[in-house]
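Q: Residue numbers (this note's numbering), protein chains in the order written: chain A, 1 to 970; chain B, 1001 to 1155.
Misleading hints may appear alongside valid ones.
[To be verified] Here are the simulated distance ranges between beta carbons: (1) A:Val900 x B:Asn1073: 22 to 28 Å; (2) B:Glu1133 x A:Arg451: 56 to 62 Å; (3) A:Cys212 x B:Ala1137: 51 to 57 Å; (4) B:Ser1121 x A:Ser902: 46 to 52 Å; (5) A:Ser302 x B:Glu1020: 29 to 35 Å; (6) B:Pro1049 x A:Cys212: 24 to 30 Å.
[Said to hold, decoys possible] The list that follows gives simulated cross-link-like pairs (lysine-lysine, PhoX-like), each with its CA atoms no further than 25 Å apart: (7) B:Lys1071 x A:Lys943; (8) B:Lys1071 x A:Lys929; (9) A:Lys425 x A:Lys363; (10) B:Lys1071 x A:Lys443; (11) A:Lys310 x B:Lys1015; (12) A:Lys52 x A:Lys93; (13) A:Lys363 x B:Lys1071; (14) A:Lys943 x B:Lys1109; (15) B:Lys1015 x A:Lys398; (16) A:Lys564 x A:Lys550; (17) A:Lys7 x A:Lys52; (18) A:Lys953 x B:Lys1127.
[Said to hold, decoys possible] Over 12 Å on every C-beta distance to chain A, these chain B residues come out as not near it, computed from the model: (19) Thr1024; (20) Asn1065; (21) Asp1072; (22) Leu1074; (23) Thr1090; (24) Leu1101; (25) Thr1118; (26) Ala1124; (27) Ala1137.
Simulated from the structure, these hints should not be mistaken for laboratory data.
Ideal Cβ positions, reconstructed from N, Cα and C, are used throughout, including at glycine.
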Amino acid sequence: MEQVWFKSDLAEEIIKNNDIFDQTKSIVTDILSGRLQVTTLVENMGGVLTNKEIDNRERGMRFFTKILSEIPKDFLTEMQIKFVSKFYIDRLKDNHKVIPTVLEGYLYIVDMTNYNVQFSGEYFTVLFREVACQSQVRQDRYNIYLTILKLLERDAEYMKTLGPDFVYGVISAMDGERDPRNLLFLFNFLPNFLEKIPLGHLVEEMFEVISCYYPIDFHPSPNDPAPVARDDLANALSPCLCAIPEFAEHCLLLLIEKLDSSLRVAKIDSLVLLTKSCNTFKAESYVPFLKALWSSLNREISHKSDEVLKLAAHESLSALVAKLSTIANTDQSFENFIKGILISLQTAIAESTTVAQFVQATKVLLTAANASKESCEIITKAMIPAILAFYEFKTAPKLQIASLEFLGDMYELAQHWDLLEQIEKQVNEIPQLCLTAVNERTKEYQVVGFRTLIRVKNALKIDLVVPFVEILTYNIQHSEDDELLGISVETVHAIARKYPELVMEFVVKGKCDVQNLIQDKIALQKRLNLLSSLASIDDFTKIIIEEMLKVITSSNEEASKVIKALSSSLSNSSLYSNDKVAQIESDHGLIDSVLTWLDSEILTAKEPLEHGYSLISNTISSLPTEKQLNILSKHTTKLLEKCSVNEIHFQMLECLYRSIRQNVYNEHFEEILSLALKLALNSDKELVRLKSCYLIAHFLNKAENGQKFELMYELLKNYLSSCNRDDLNICPKLIFLYGWITKALVMRGSYLFQFWLKKIFISISNPECSLQGSDAIKIIMTDFPDCLNTKHHCRTSLLYRQRMFQNFTKMSENVVLTPEAKEAYVLSWAYILEKTPKTILNNEVNKIVPLAIDGLEYDNKDLILVMIDILIHFVQAKNISIAQSLQTILPRIINLTTYVKSMDVRIKSLQCLYEIANSYDTRLLLPYKQDILIDLAPSLDDKKRLVRNMAVKARTRWFLVGSPGENKEA
Amino acid sequence: MTKTADNVNPHVYEKGSEREITATERDEDVLDEIDEREVFDLIRNINDPEHPLTLEELHVVEEQNVFIDNKDNLVRVYFTPTIPHCSMATLIGLSIRVQLLRALPSRFKVTVEVSEGTHVSEHAVNKQLADKERVAAALENNNLVQIINQCVANS
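Isolated chain A, as found in the complex (with noise of 0.2 Å):
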């Protein structure tokens, strides 16, 4: 049978039945393939399309509407779009309840294929004049904005043509928007609009219409599901106000009104707009209103707690300065602006008695200075003769040390700037003002002092040098605070860079006096840091490497201090690059001369000779692989045969293979593990055992994948199965070995990791050997400085922490511990928690929350510190878990209020407390309220001070708990 909508019944059919609407599809089909006409479709609607009941005409509407919305874009020819187009636009004029469907309808037709943009002059002025847009519902009003936003993207050049008629047409129909989605779509529009679309005499007029909105106070309704939120909406009106430079004047002027407006909202929304008008208005606008600009943006700054609000006015600030310096050269306003801020602000820093009054002032003129070339060059040029007349002037030293800060702020803007030839008058001065502060010789003023000189070396004179390489060798030989001596350690390397031959004459010959090194004794260990510091400097290098190893070979008994300074220094990479270290080497035969005296030393040393093995470890870090095998084939056999005389020698063997780098390989190797692994197991030296773990974690983490590595693993575990289990003795070394076994293989991304942490594990579980077995679990969650480092050339996968977490969750699975079993358990968690990322624990709250409980119960501190750490990690978060045990927890934590044995237990619980009040729900918390301050009352009265202050903070936290003025976010 023949469809309906080929005969002219069709028309009847829409006006009766709804389900005709669901047949579109099969009649678009047909369209496609051929079988019915566009035309003739319309034909057959002709009945319904030209009825003359309203409701029946919007039928047909919707009808063809949605034919229209499910042919393919690029189906209609541009002469049956033109028809359908003057078919539309003329439907524009029929009553009001038809239009809904012919915007929509519209739609659809803008984006065909075919459509040709000559037809939209005609929609618009129709819709223009017979449709009142905000008398619409609010979907129609977004699709007469989106056919306007899509025709622009369309084609723009014809748009323009179509002149002032249309400007305002769009005018008037989002005058009295008020829906915000509508209102985010018109704003995020807009912007483009006005770009490619002349105003014309329509300025004002548009500026208006948009402005209107201007300050955005808006609250979303509670009820909405998908609020717009107010930031949302002031974010993007205000690229409307400031989209093209004609805005200028009526966009300034409103700003600067809303700027004295007493709203924050007004200030901060002004306050950004002006920093992004900055973008598009040209700098000549500014001029007229500078005076009340600053004026505003004065008061804004100076605000005493509001510090999104200053740092807003910060930022006004620096865009507004940049923008003007770029008519510094033609207009004198840009001039007169930065000399009204700084009369402005001398005032204010002249009168400041406090330093929070002086920085809040120079603040502002970093900011300025920091916004141009131009401005950096009038505020330094006036501001250094002034903060040095300032010094002079006030006696308040920290506002004395403050104003050195700001000189060096200075200096370092004016050098950023490319401008210290300019100023170079003024900038010669600061040097010697930190002269007259390191004077001073109270810490406070040298540490600034020497500070502000590094900053501003470059524009140290001679004749400054020799008074502060004075005080500066005074210090070094007589300070005894860590900080002191660090800062001028600093300095005397910074003025050796500028002054190598005066730095060389004064202080590493003359106050040093590096000929006769170890004559005098007194404050020597101070001298030899400083001048294995110098020896960074090429110039220095030489002399003093030279002399230091001089005094090494010839053992005399200073020369442990001379092996520790220069362990310190070259360990430190700002100081001493590879390349530096590598060069030492082959100059100077660092090497040899340290392993000479360690072999001098070793067997009389009364303490460990650390400094000696960490000084060769790190030189030979630093060789490239070639050097390292030299070295390592000149003295691994004589070496091995020492060990086999005396044990004590395998320190030095581990300290030259420590450091190797991983390609580096030689025949020695499975002679040294197994002899490693022997002596980890039987030598009755704590410190040889120790060494002997960490070579072989070294070895096992280093060695390449493949043949290498699993003949290394093979050699290991013949070793280790062959080993009697049943001896006591060897029960707790194994363990302690499984321990470094384990790290070894987890860093370097092994899963082998997992056979030997089951090990582990079982250990932990049996009584008589818990506590190694924790002690195990610590050894491979800890960092240690001198071992499995990248320093050392290590493989250090990233999540190897997590993967401990990981496994050691799966293996605690089900698993059933003996009461004396079950603390050393508990500890072994703590040691994990305490290393994992929190991010992961946060998944795991379920899992945690009850071990950290139940850690509480044992005396044993750091377990107990691990877990109220992460107890106080979970309440920050506002956890639930934890908020519905607080009945068990809070008695336990107030129990731990007065624990004896230690005061970070103590403080570490009282912190709890403070966090649980300040994060849960005051109806949470209330039932607690009275028996905690209760309870809270003895440590008030702790004897030491530490805890009082965090009882104090705990209970007055609690006092405030459901009481008003208590200021908790909802």
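Chain B: place on chain A using the hints.
A: The following block gives chain B in isolation, referenced to the frame of chain A:
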């Protein structure tokens, strides 16, 4: 409703540094006595009811005006209103008192008074602050408690 402050532009002083933690304080076995500085630390960060400033910054409380006697369990604090006719004097005194009540061990008897000669109605204020029942009554007043809590919240 908004009342302009009595002293619109008070002189602001420098904040003192935090107490440094000494080695003896980290030592488990040494007993740290409560000293003047510690009591001062309890009240220095109380906010002024009129300004977003602390009592320390306004020099309303100073370390030298705090006295403590550990043997007889006495604490005495003198405070100095910024101007002699300050209407907030009682409120400030009450805030200090409340904070000390909450933060000091109960063995201490606490006295809070206006420094001599710094306020026009010095005696009346001192009498109010010394009267336990009036203090207790004041703390029944929700509005008052709210203001006090806001003042001491950050200390």
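Q: Enumerate the violated hints, using their earlier numbering and listing them in ascending order.
A: Hints 6, 8, 10, 13, 18, 19 and 24 are the ones this structure does not satisfy, whereas the remaining hints hold.
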